[in-house]
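*Asks:* The lines below spell out each chain.
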Amino acid sequence: MGMNSVTNLGRNGIQDWIIQRATAYVLALYTLFLLGFFVTTDVDYQSWNALFAQGWFKVFSLLALLSIAGHAWVGLWTVSTDYIKSAMPRFLFQAACVLVMFVYVVWGIQILWGL
Amino acid sequence: MLVSLYRYNPESDNAPYMQDVEVEIPAGKDLMVLDVLNLVKEKDPSMSYRRSCREGVCGSDGMNMNGKNGLACITPVSEVAKGNKLVLRPLPGLPVIRDLVVDMGLFYKQYEKVMPYLVNDNPAPAIERLQSPEDREKLDGLYECILCACCSTACPSFWWNPDKFIGPSGLLQAYRFLADSRDTAQAERLANLDDPFSVFRCRGIMNCVSVCPKGLNPTKAIGHIRNLLLQRAT
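Residue numbers (this note's numbering), protein chains in the order written: chain A, 56 to 170; chain B, 1433 to 1666.
Bear in mind the hints are in silico, worked out from the structure with no lab data behind them.
One or more of the hints may lead you astray.
In silico lysine-lysine, DSS-like type, Cα no more than 25 angstroms apart, as pairs [claimed, not checked]:
| id | chain 1 | residue 1 | chain 2 | residue 2 |
| --- | --- | --- | --- | --- |
| 1 | B | Lys1545 | B | Lys1461 |
| 2 | B | Lys1652 | B | Lys1545 |
| 3 | B | Lys1570 | B | Lys1545 |
| 4 | B | Lys1596 | A | Lys140 |
| 5 | B | Lys1545 | A | Lys140 |
| 6 | B | Lys1500 | B | Lys1646 |
| 7 | A | Lys140 | B | Lys1652 |
| 8 | B | Lys1500 | B | Lys1541 |
| 9 | B | Lys1500 | B | Lys1473 |
What you are looking at is a predicted structure, and each value in this text was computed from that prediction instead of being measured.
Bound-form chain A, shown alone (with noise of 0.2 angstroms):
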């Protein structure tokens, strides 16, 4: 009876709610993070390059970078099945909302360490 599909995140409708709730607390606390550096730290480059020289601070901004990934996989993927209702048109929207977001992860990872 249920009406599932192929091309959102989870596997199921509570899968895909738990992702977008646990990414929006995870980039709730990036915004306050980064807010907090903003109002605290004179921001030149050397602050800037020594908050991103740490360890945590990279796993921190790749977490933050995954969750805004899944965040708008199961936000654009929901948009596109109340809106665009022909399959093709579509399929070639979450293919292109995919691509876009493995491109951003791939070189948010090279950025971030410097590959």
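Once you've looked at the hints, dock chain B against the given chain A.
*Replies:* For chain B alone, kept in the frame of chain A given last:
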């Protein structure tokens, strides 16, 4: 009073249109919207709408009054009319059969999906399946639904996916049976609601709560279902 009516007769009209009708309201009286419709029908017998009990119990005359869904029979004109103008349209999102009469097929299909009946395969006791007063209390705010469809047709998620999203009304009924201490099919019921559409298309905008003529809270029931699904999945 000026009444603007949504008119559509598929046998003679190419497209729906709005018709303005002047209706004499008896002085000093605040009629219900259904009374006004009855006055319109006296003038123009071709005007079609559903009505039955005329006291908010049968759920037949759900319609959109000046932009908000409700039951015409228990909605005073003074509550909805703006600038002495009453605008009546059919419930949004469902196919119009004629004038204010909509095809409720999709709505009932979603209702059917949630198995709106008690499932209990245990041998029936001699007299009845007893429930403690506390267990019975859990059904308050759920069993009162009259299936008027005001909530589901006020819900954008139901407009976009009426074939996949169960909608506030169906989900309220789903929880009514999930919460019933006499029901033994909770696992099966939850398994049927697990997909990304049936429950999770609810984005919590609470249009359903704002329009329910019985004052029920489908959003709260949907939250309870989500918690049950969460408990089951973690």
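*Asks:* Against the structure shown, which of the earlier numbered hints fail to hold, in ascending order?
*Replies:* 1, 7
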